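Chemist: Here is what each chain is made of, one letter per residue.
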Amino acid sequence: QQPVQSPQAVILREGEDAVINCSSSKALYSVHWYRQKHGEAPVFLMILLKGGEQKGHDKISASFNEKKQQSSLYLTASQLSYSGTYFCGTHTGGSNYKLTFGKGTLLTVNP
Amino acid sequence: NAGVTQTPKFRVLKTGQSMTLLCAQDMNHEYMYWYRQDPGMGLRLIHYSVGEGTTAKGEVPDGYNVSRLKKQNFLLGLESAAPSQTSVYFCASRGRPDYNEQFFGPGTRLTVL
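Protein sequences appear in the order of chains H and V.
534 is the number of the first residue of the first sequence in our numbering; add one for each residue after it.
207 is the number of the first residue of the second sequence in our numbering; add one for each residue after it.
Mixed in with the good hints there might be a few duds.
[Claimed, not checked] Listing some non-contacts, in silico: residues in chain V with all C-beta distances to chain H over 10 Å:
hint, residue
1, Asn207
2, Lys276
3, Lys277
4, Gln278
[To be verified] Okay, derived cross-link-like pairs now, DSS-like style, lysine-lysine, Cα gap no bigger than 30 Å in a straight line:
hint, chain 1, residue 1, chain 2, residue 2
5, H, Lys636, V, Lys220
6, V, Lys215, V, Lys277
7, H, Lys631, V, Lys215
8, H, Lys570, V, Lys215
9, H, Lys631, V, Lys263
10, H, Lys570, H, Lys559
11, H, Lys601, H, Lys583
Since the hints were derived computationally from the structure, they do not count as laboratory data.
Predicted model, so just to flag it, every value in this text is computed and none were measured.
Positions of the beta carbon are idealized from the N, C-alpha and C atoms, including for glycine.
Produce the entire structure from the sequences given, and follow the hints as far as they go.
Modeler: Structure follows, in structure tokens:
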């Protein structure tokens, strides 16, 4: 079952902040975040693991609430280059090596 | 180091025709994946492989077959294309351990008329 992302779309002015949420109905082992620009492939941003370990981008932060089965991506002081569609991918652990992606959040940053 | 490459980039098929999409990676990754992306639906997993000679079904496997005869290649086949298979197809690969990122190929845009 796909995780649910919110909001579906957000429009910002340069310098503003945004939060993108990802919620799952299943217990999570890890959450992955990717950004996709129009016509391009998704690009890795961050991985958050059960237990608090993170791996990823220096300028983007995220949180992972294991109890609530939720993750949030924080984009601060947004730049024009942040525009794109953001996807969370959830991994339920065990021998399951696959990610289930949400439908995405379209972020538009205007000058 | 090319990363993940996909062939072809674009293709137009008629209903009932068959084709094979090729994904190649040069990072010695164990895991490979095929996704389809449709507007508003995100990335949906078609099939995946956890190693050479192994494949498994994802969320939307119907109408597709895959093979992984060599570790670096993952092939996606459409035996009898249908208009519902019009989509952008992405291949991805990942190395061990589980917390490593997935690397995506540039995508193949397929139109079935």
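Chemist: Against which earlier hints does the structure fall short, listed by number upward?
Modeler: none
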